[in-house]
Amino acid sequence: MGWSDYHLHTFFMKEPAFKTEVKLGISLEDYDENLISEFLMKISQFFTPNNKNAIYIYDFGDE
3 MGWSDYHLHT FFMKEPAFKT EVKLGISLED YDENLISEFL MKISQFFTPN
53 NKNAIYIYDF GDE
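Letter by letter, the sequence shown follows residues 3 to 65 in our numbering.
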């Protein structure tokens with residue numbers, strides 16, 4: 003069983019080199035211009051020994 007991307011979700015975490023917040027998720031037209039598409043970058047690229055945490059929001063706005 004894998005991810006099906008049926009529901010909107012976002013990962014919030016720090017970019018390891020610059021310590022700025024990044025948002026990764028499913029990029030939809032007119033949704034969030036600051037969101038990095040998870041189809042272009044893997045979240046694993048942002049985890050380091052000193053950068054171990056992320057906030058994950060799943061299924062938001064879905065009624």
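Just so you know, these hints were derived from the structure itself, not from any lab. What you are looking at is a predicted structure, and each value in this text was computed from that prediction instead of being measured. Note that the Cβ used here is the ideal one computed from N, Cα and C, for glycine as well. Accuracy of the hints is not assured; some may be wrong.
Using 25 Å as the maximum straight-line C-alpha spacing, the simulated DSS-like pairs for lysine-lysine come out as follows [as the list claims (entries may be wrong)]:
| hint | residue 1 | residue 2 |
| --- | --- | --- |
| 1 | K21 | K54 |
| 2 | K25 | K44 |
| 3 | K44 | K54 |
| 4 | K54 | K16 |
| 5 | K25 | K54 |
| 6 | K44 | K16 |
| 7 | K44 | K21 |
Label-pair distances were calculated between CB atoms; the ranges are [unchecked claim]:
| hint | residue 1 | residue 2 | range |
| --- | --- | --- | --- |
| 8 | F20 | D61 | 13 to 21 Å |
| 9 | L10 | K44 | 13 to 21 Å |
| 10 | I57 | F20 | 12 to 20 Å |
| 11 | K16 | S39 | 29 to 37 Å |
| 12 | N52 | L10 | 28 to 36 Å |
| 13 | E17 | F41 | 12 to 20 Å |
Verification of the supplied hints:
no., hint, in the structure
1, K21 with K54, "12 Å, holds"
2, K25 with K44, "12 Å, holds"
3, K44 with K54, "15 Å, holds"
4, K54 with K16, "9 Å, holds"
5, K25 with K54, "15 Å, holds"
6, K44 with K16, "14 Å, holds"
7, K44 with K21, "17 Å, holds"
8, F20 with D61: 13 to 21 Å, "30 Å, violated"
9, L10 with K44: 13 to 21 Å, "19 Å, holds"
10, I57 with F20: 12 to 20 Å, "18 Å, holds"
11, K16 with S39: 29 to 37 Å, "19 Å, violated"
12, N52 with L10: 28 to 36 Å, "29 Å, holds"
13, E17 with F41: 12 to 20 Å, "18 Å, holds"
When held up to the earlier numbered hints, the structure conflicts with 8, 11 and fits the remainder.
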